[in-house]
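Chemist: Residue 0 is where the sequence shown starts when you use numbering that gives the first Met the number 0, and the numbers rise one by one after that.
A hint or two may mislead.
[To be verified] With a straight-line cut-off of 20 Å between C-alpha atoms, the simulated EDC-like cross-links for lysine to aspartate or glutamate are: (1) LYS65 - ASP99; (2) LYS2 - ASP51; (3) LYS127 - ASP147; (4) LYS65 - ASP141; (5) LYS86 - ASP20; (6) LYS50 - GLU102; (7) LYS166 - ASP148; (8) LYS86 - ASP113; (9) LYS166 - ASP141; (10) LYS95 - GLU117; (11) LYS166 - GLU152; (12) LYS65 - ASP32; (13) LYS5 - ASP79; (14) LYS5 - ASP141; (15) LYS121 - ASP99; (16) LYS127 - ASP99; (17) LYS65 - ASP51; (18) LYS2 - ASP79; (19) LYS50 - ASP113; (20) LYS2 - GLU61; (21) LYS86 - ASP9; (22) LYS65 - ASP84; (23) LYS65 - ASP75; (24) LYS2 - ASP84; (25) LYS65 - GLU53.
Treat the hints as calculated values from the structure; they're not laboratory data.
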Amino acid sequence: MTKTFKTLADFLGTHFIYTYDNGWEYEWYAKNDHTVDYRIHGGMVAGRWVKDQEANIVMLTEGIYKVAWTEPTGTDVALDFLPNDNKVNGTIFFPKWVQDHPEITVTFQNDHIDLMEEAREKYATYPKLVVPEFATITYAGDAGQNNDDVIAEAPYAGLPDDIRNGKYFDQNYHRINA
Numbered sequence: 000m001t002k003t004f005k006t007l008a009d010f011l012g013t014h015f016i017y018t019y020d021n022g023w024e025y026e027w028y029a030k031n032d033h034t035v036d037y038r039i040h041g042g043m044v045a046g047r048w049v050k051d052q053e054a055n056i057v058m059l060t061e062g063i064y065k066v067a068w069t070e071p072t073g074t075d076v077a078l079d080f081l082p083n084d085n086k087v088n089g090t091i092f093f094p095k096w097v098q099d100h101p102e103i104t105v106t107f108q109n110d111h112i113d114l115m116e117e118a119r120e121k122y123a124t125y126p127k128l129v130v131p132e133f134a135t136i137t138y139a140g141d142a143g144q145n146n147d148d149v150i151a152e153a154p155y156a157g158l159p160d161d162i163r164n165g166k167y168f169d170q171n172y173h174r175i176n177a
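Throw the hints in and build the complete structure from the sequences for me.
Modeler: See below:
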């Protein structure tokens, strides 16, 4: 993708893969002006994936975007995207229970909201594990808004490479092997 990001409309509908400096790899999609989808490919909650997460999405200035949300797990996320520079700055605030029991969250969250809420009430939430990191964007694709094919299956080994190598989506940004 060679697009220059200037407006919020340029950002919405974009699908990113980025790797944090600590090695954690994430895939993230600005589904529309209030919703994000994502898959986690590396890190302490690798294997987790989420659709239709409500989020606050704003443009701070031309080409710079802030996205923030709170998950049913109690995890808070704040991301700053600088796509023209292939950079992301993210801070994840993991509740104590996620740090102690990350395996509970490694699932398709949408099918297990009750489990996330139950764990949030059952286990300690404080102190939070704060993970502030810079990331490098390794892929950006123009998926269009509200494309349910972008994040439509669980993460698997090699999926980010399949996307980067053009083996996952067709020319209309639909999954090839759906």
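Chemist: Please verify whether LYS166 and ASP148 have alpha carbons no more than 20 Å apart.
Modeler: With Cα atoms ~14 Å apart, LYS166 and ASP148 stay inside 20 Å; holds.
Chemist: Is it true that the CA of LYS2 sits at most 20 Å from the CA of ASP84?
Modeler: Distance of about 12 Å is within 20 Å: holds.
Chemist: Given the hint that LYS50 pairs with ASP113, does the C-alpha gap stay at or below 20 Å?
Modeler: Holds, at about 16 Å.
Chemist: Does the structure keep LYS65 and GLU53 at a Cα separation of 20 Å or less?
Modeler: Between LYS65 and GLU53 the Cα gap is close to 14 Å, so the pair holds against 20 Å.
Chemist: Is LYS121 close enough to ASP99, meaning Cα to Cα at most 20 Å?
Modeler: Holds - the C-alpha atoms of ASP99 and LYS121 are around 12 Å apart, at most 20 Å.
Chemist: Against the 20 Å threshold, does the CA-CA distance of LYS65 and ASP141 hold or violate the hint?
Modeler: OK: LYS65 and ASP141 at ~19 Å, within 20 Å.
Chemist: Are the Cα atoms of LYS166 and GLU152 separated by 20 Å or less?
Modeler: Holds: LYS166 and GLU152 sit about 15 Å apart, inside 20 Å.
Chemist: Run the distance test for LYS65 versus ASP84: straight-line Cα separation, threshold 20 Å.
Modeler: holds, 15 Å
Chemist: For LYS127 and ASP99, compute the direct alpha-carbon distance and say whether it is at most 20 Å.
Modeler: At roughly 11 Å apart (the allowed maximum being 20 Å), ASP99 and LYS127 satisfy the hint.
Chemist: Straight-line Cα separation of LYS127 and ASP147 no greater than 20 Å?
Modeler: The hint is violated at about 32 Å.
Chemist: Between LYS65 and ASP51, does the CA-CA distance stay at or below 20 Å?
Modeler: holds, 17 Å
Chemist: For the pair supplied as a hint, LYS5 and ASP79, is the alpha-carbon distance within the 20 Å limit?
Modeler: holds, 15 Å
In this structure, the hints that do not hold are numbers 1, 2, 3 and 8, in rising order.
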